[in-house]
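Student: If you want the building blocks of each chain, they are given just below.
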Amino acid sequence: MSDDETTLCDENHFRDFYLKQVQSASNFAYYKCGDGEAALDLVQDAFTKIWENCSKIDFNKAKTYLFTSITNLFLNTIKHQKVVLQYAKDAPNLDTNNQSPEYLLEEEEFKQKLTKAIASLSETQREVFLLNRIDGKKYREIADLLGISQKTVEKRMSAALQILKAQIENI
Amino acid sequence: MKKEKEILKWLNNDLSSKEIEDLKQSEDLQTLEKIAHYASQLETPKVDAQTALEKLKARNHSKKKPKVRTINFKIFYRVAAVLVLVLSSGYFFFYSNNTSFETQIAQRKTFTLPDNSEVVLNAASKISFNEKKWANKRTLTLKGEAYFKVKKGQTFSVKTTDGIVTVLGTQFNVKERKNYFEVHCYEGLVSVTHNNKTTKLPPGKTFRVINGKVENIEDFYATNPSWIQQESSFNKIPLDQVIAELERQYDLKIKVDGIDTSKLFTGSFTHADKEIALQAVTIPLKLSYKIEGKNIIFYNYGAQ
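Protein chains in written order, with the working numbering: chain Z, 1 to 171; chain V, 1 to 304.
To be clear, the hints were calculated from the coordinates, so they are not data collected in a lab.
Quick caveat: nothing in here was measured; it's all calculated off a predicted structure.
Yeah, the Cβ is synthetic: ideal placement off N, Cα and C, and Gly gets one too.
Incorrect hints may have been included.
To give an idea of the chain V side of the interface with chain Z (calculated C-beta under 7 Å), a few residues [as the list claims (entries may be wrong)]:
1) Asn12
2) Tyr38
3) Val47
4) Val84
5) Gly204
6) Arg208
7) Asp260
8) Ser262
9) Leu264
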């Protein structure tokens, strides 16, 4: 990634790191608290912490530090809210060829069920599931970010899938 | 979900399209496929990274500002002023009450201390003490020679560069000159501390150090030092000390020419007449002298 001497105390390095990570960090915070502004506040606090402790942080572990900080800050400050996510406006349906009103309605209904189901996931399951689905991160990456093992990530992902499936099929 | 591992791999994009097809054959993936698909369509609030960075910087700057501590100079000056005042007044209160008495060459002074003890200061001597503290601490510093008649009371100390003389109430004489330290006790008991060694002197005893050497002196019977009666007495004293005393009693400069000044002199000279005094010193030692203005030259009798 970078040589050992790179530190985040260098303003340029910090800027690069910030610009690269701020969106995914914000996403992650959003999966936790479900509020865009609060999520960004969390992220800014976490980056501030990194800036203040820049000399103590190994550059290669900075990402993990960032996500851990967000988790801790979240636990300290934010009250749990229902995480209700929005779909992209022109998100394509699974079967783009089928334009029958029936199908469209069905899919719309499914989407609503899905957001509700996601909101009912536990925080750890939701963050793993969404990091994988929305941010397209591999289990290995997620494990690194959260500072947990890949096995744990897979377990949480699997559990999330089962809950989602069960919830959607029941409603 | 029977094929949990495969499903996880599928969502992790670790399966080839062939494997995905196989997976779909073996299990009903319809719901999961929809979940996977539509979950990816979910949106998160977009962050404008640049703006956010600027905000962060601004925030950090404003946060860091209070950490910079500037010395409040108003308070600093106030504290400094008070300190200066307290220290200087303290200094004057405790140290500036030093009273001192001094005599010049050929002078003699008698004065009383605050407790009515009497001090007679011989020529070219100086005494200083703290008048305010005198009631608690009878301590004075002496340079030269002085005769003390101390009233009874607390410990009375005379500090000199060669040692400390301590008494309770008595009469004694202290002579502290260059390479010369002598204490005579006339009454009571005098304690002399020299080089951390304390010697007790009963009346008639003398403590004498010449050139750093403590000497044994025979008893004397005088009731006060001879210089009080206008006479300097010496008992086996090296000539250079006698000359020094002559210079102090008369305003003279004495030079020696071919004389061993470590010769011991026993005798006395008057303070009243210079000629007689010079003769009193030179004749017993078989010396002659000549006067050249203020300078006197001692030489061996018959040498010139």
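Student: Hints first: check each against the structure and report whether it holds.
Tutor: Against the structure, the hints come out as follows:
Hint status for Asn12/V relative to chain Z: holds, with the closest Cβ pair at about 6 Å, below 7 Å. Look at Tyr38/V: its Cβ gets to within about 5 Å of chain Z, closer than 7 Å, so that hint holds up. The restraint placing Val47/V at the interface with chain Z holds, with a minimum CB-CB distance near 5 Å, inside the 7 Å limit. The beta carbon of Val84/V comes no nearer than 41 Å to any beta carbon in chain Z, farther than 7 Å, and the hint placing it at the interface is violated.
At its closest, the beta carbon of Gly204/V sits 82 Å from a beta carbon of chain Z; the interface hint therefore is violated under the 7 Å criterion. Taking 7 Å as the C-beta contact cut-off toward chain Z, the hint placing Arg208/V at the interface is violated, the least distance being around 73 Å. At a threshold of 7 Å, the smallest CB-CB gap from Asp260/V to chain Z is about 80 Å, leaving the interface hint violated. Taking 7 Å as the C-beta cut-off, the interface hint given for Ser262/V is violated, the closest approach to chain Z being about 76 Å.
Interface restraint check for Leu264/V: the shortest CB-CB distance to chain Z comes to about 81 Å, outside 7 Å, so the restraint is violated.
Figure legend: structure checked against the earlier numbered hints; hints not met, in rising order: 4, 5, 6, 7, 8, 9.
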